[in-house]
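Asks: Here's the letter readout for the chains.
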Amino acid sequence: MDKIVKDNRAPVSQKPLTMPKPDKDAIGATVGIEINGNPYKVLIGTTILEACRQNNIHVPSLCYHEDLCLAGVCRVCVVEVEGMGTLQAACTFPIINKIKVRTTSEKVRKARRHVLDLMLSEHYGECYSCHRNGNCELQKLAKEYGVDSYKFGHVEKRRYQIDRSSYSVVRDMDKCILCKRCVRTCIDLQEVGVLEAKNRGNNTKITTFMDKPLADVICINCGQCINRCPTAALKANDPSDEIWNVIDDPSKHVVIQTAPSPRAAIGEEFGLPPGTSMTYQMNTALKMIGFDKVFDTDFTADLTIMEEGTELLMRLKKKLVDGDKNVMLPQLTSCSPGWIKYIEHFYPDYLDYLSTCKSPQQMFGSVIKTFYAKEHEIDPSNIVTVAVMPCSAKKFECNRPEMDSSGFKDVDYGLTTRELAQMIREAGLYLPDLPPGNFDDPFGDASGAGLIFGATGGVMEAALRTAYELVTGRPVPFENLDIIPCRGFDGVKQASVKLEKVKPEWSFLEGVDLNFMIAHGTANAKKVMESLVRGELSNIHFIEVMACPGGCLGGGGQPIPTSPEIRKKRAEAIYQEDAGLPVRKSHENPHITYIYEKFLTDGPCGHLSHKLLHTQYVKRGKFIG
Amino acid sequence: MIDIKQNAMTEEIEMLVGKFGSTRDALMPIIQNIQINHGMISDFAQQEVARMLDVHPVEVYGVVTFYSFLSETPKGRYIVRLCRTISCDMAGKEAVARAVERELGIRFGETTADNKFSLEYINCMGMCDQGPSMLVNDLVFTKLTPHTVVDILSKFK
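From first to last, the protein sequence lines stand for chains A and B. In terms of our numbering, the first sequence is numbered consecutively and its last residue is 1160. In terms of our numbering, the second sequence is numbered consecutively and its last residue is 264.
Treat the hints with care, as some may be off.
What the hints assert, rightly or not - Computed cross-link-like contacts, DSS-like style, restricted to lysine-lysine with a CA-CA straight-line distance of at most 25 Å:
hint	chain 1	residue 1	chain 2	residue 2
1	B	K250	B	K262
2	A	K1157	B	K112
3	B	K182	A	K740
4	B	K250	B	K223
5	A	K747	B	K182
6	A	K635	A	K645
7	A	K692	A	K678
8	A	K686	A	K715
9	A	K787	A	K822
10	A	K692	A	K740
11	A	K852	A	K1146
12	A	K747	B	K112
Source of the hints: derived by calculation from the structure; they are not laboratory data. Note that the structure is predicted; figures quoted are calculated from it, not measured.
Given these sequences and hints, build the entire structure.
Replies: Take a look at the structure:
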């Protein structure tokens, strides 16, 4: 560190450095470093930021995110490394030798404050009317570094128009601080590639292709960028004002359905640790807000399993027995609207592989406005259906023009977990203190199979529980019905179940290995689709794809922040709730039997269910006109 | 008509991809060639390049907007670029700038109605000892005065 080449006229910052070598020059070797005068041992290749966080030393960060690749663009995490002429970004500095780091010196403090002042000079801060008020990383840093004046000025007037073209994502570039988290999310994490930086220097702006509105480009509405934005530059399209209006209108019958993932996460909005299940408190809150009926989307998740499972078995029969060439296998799931838009844009020639089933949200809408309206003698034109979803793409999905099979708009509003939490706060309620309440009949009690739709692999697990039993008459051969190969957060999972001693009507499946795959995040979906395009998946029968990392529980409408750790906790909450439910298989849900007896009398994939519960897709393609 | 033009553009890009390869690092030479041949890189061309190199169109757009000598919009036949960096500025760039604006009848960042001239500022091109300096397409002109610059531009008219 001290051996700086002497006879060189270059300034210190440009002089070559000779650093002492680590003890052992191999992967897995440790190196002794010094942070603020204290010795620590870390693995070679650990960044300074990671080393500090491991040892409970606080270093602020902004552009760094656990899910994303490193960028080192915001410079908030600068630290002093002895021997280096300039301050170094802790998030991108890999430790390979015995360095001495200072995180608290005067130079560091002043530099960080300057960086912040520069960011604030570009940020249109109107904190009271900002939806990230209280949950903004820039605001938090400004407090941490005691910003009491704007050294380099402040944006007083809007410079850009807010892009509200998309049903799902609203972009407000006045609040952007160019951390590029959204760019890395879109290009690296999701591999969709909608956002990128345009121009350079102080003209840099995050934008879409040719500066087009978000609705005109190939955005899949997954909302992962919203979850990673440190400020309010990206947010979901909030329908809560309209929802308040219909709640306050006595002539409207407002029905809400709640998806499985929001209940495992909404507690985080109220300061509870991740993975606290709030199902029943949420029911009470929704009733107190003024919704007329609170239903469980898990019911239509069960319905989806019946329809999708039957569709799979029918496809298998057509393919294996009849040798029908028009039937495509593997069957791809269609529950995730982000994934649907992804495949419509990127693989428009492979839409026949998709299951024709609507997502649970849309099934619910059409069942409510037909079956429920008839049974309870309510005019469907006065019914307003709201869906609480962990997802921003659901907002787009409910606005798709073909989603009107009930004769009305099937689902009127999609609400994210964050927006529901905001409505609960606005109603003057504190969720954790509320007494537990139940769902309303008839779509209240659902099975655990519907519940686990929230986690990646859940649809597959639920489908297997039903399909295996349908074919063999016995429950799946896994302890406690927990199909462990479906669980966990590996990008692409593959497993198989052998069908043995099948019922006579399914004799063509005797001895068949049912092969299935699970992918989450569109980057992984892309890998699967590429192998499908190359024809490598001919032995696979069923593939579950979720557009968001971790499945719905990591969705774009879930509380901010998100990280692998948080997603794991949420999944645990969901699986725990499933294990405690009395009914854990979709076909055993009494309401499912009831609806097939009373309403969808021609059975799963019958005529009526085709009209109400199935849909078709649009070949969108990649070209941006 | 549009189809024929687009097919020609696709063929041209296919040829360039054949020459420079279809990896990410071939992006720069390919779009430079398109810029030279067409004076711009249209949104169609950007998407075709993106498709053939398997990158996202928005990444190509990011690169095109990053460099001043690449353009996604049509420019005039002659692009006049006046240096605005400090040495040229101190040598009297401002007077030259006004003279050019008057002569062409446009402001900086604009193109004449006959699509003949585009006027832009650029940063240092290393002619600091001979400022103020200017580029017209590939040609460098130095030691400009409000008089000489009018003479130079009239040669291109």
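Asks: Each hint should be assessed against the structure and marked as holding or not.
Replies: Tested hints:
Between B:K250 and B:K262 the alpha-carbon distance is near 17 Å, which keeps this suggested pair within the 25 Å criterion. This hinted pair checks out: A:K1157 and B:K112 have alpha carbons roughly 20 Å apart, not beyond 25 Å. For the hint linking B:K182 to A:K740, the alpha-carbon distance of about 22 Å falls within 25 Å, and the restraint holds. About 24 Å separates the Cα atoms of B:K250 and B:K223, which keeps this hinted pair within 25 Å; it holds.
Only pairs whose Cα atoms come within 25 Å are accepted, and A:K747 paired with B:K182 is accepted, the gap being roughly 21 Å. A hinted pair counts as satisfied when its Cα atoms are at most 25 Å apart, and A:K635 with A:K645 qualifies at roughly 20 Å. In summary, the hint linking A:K692 to A:K678 is supported, as the alpha carbons are separated by about 23 Å, within the 25 Å threshold. Among the hinted pairs, A:K686 with A:K715 is consistent with the structure: their alpha-carbon atoms are about 24 Å apart, no more than 25 Å.
Of the pairs offered as hints, the one joining A:K787 and A:K822 holds, with about 15 Å between alpha carbons and a cut-off of 25 Å not exceeded. A distance of roughly 17 Å separates the Cα atoms of A:K692 and A:K740; the hinted pair therefore holds under the 25 Å criterion. Annotation: proposed proximity of A:K852 to A:K1146 holds, straight-line Cα distance about 22 Å (limit 25 Å). With a CA separation close to 23 Å, the supplied pair A:K747 and B:K112 stays within the 25 Å bound.
Checked against the numbered hints given earlier, the structure satisfies every one of them.
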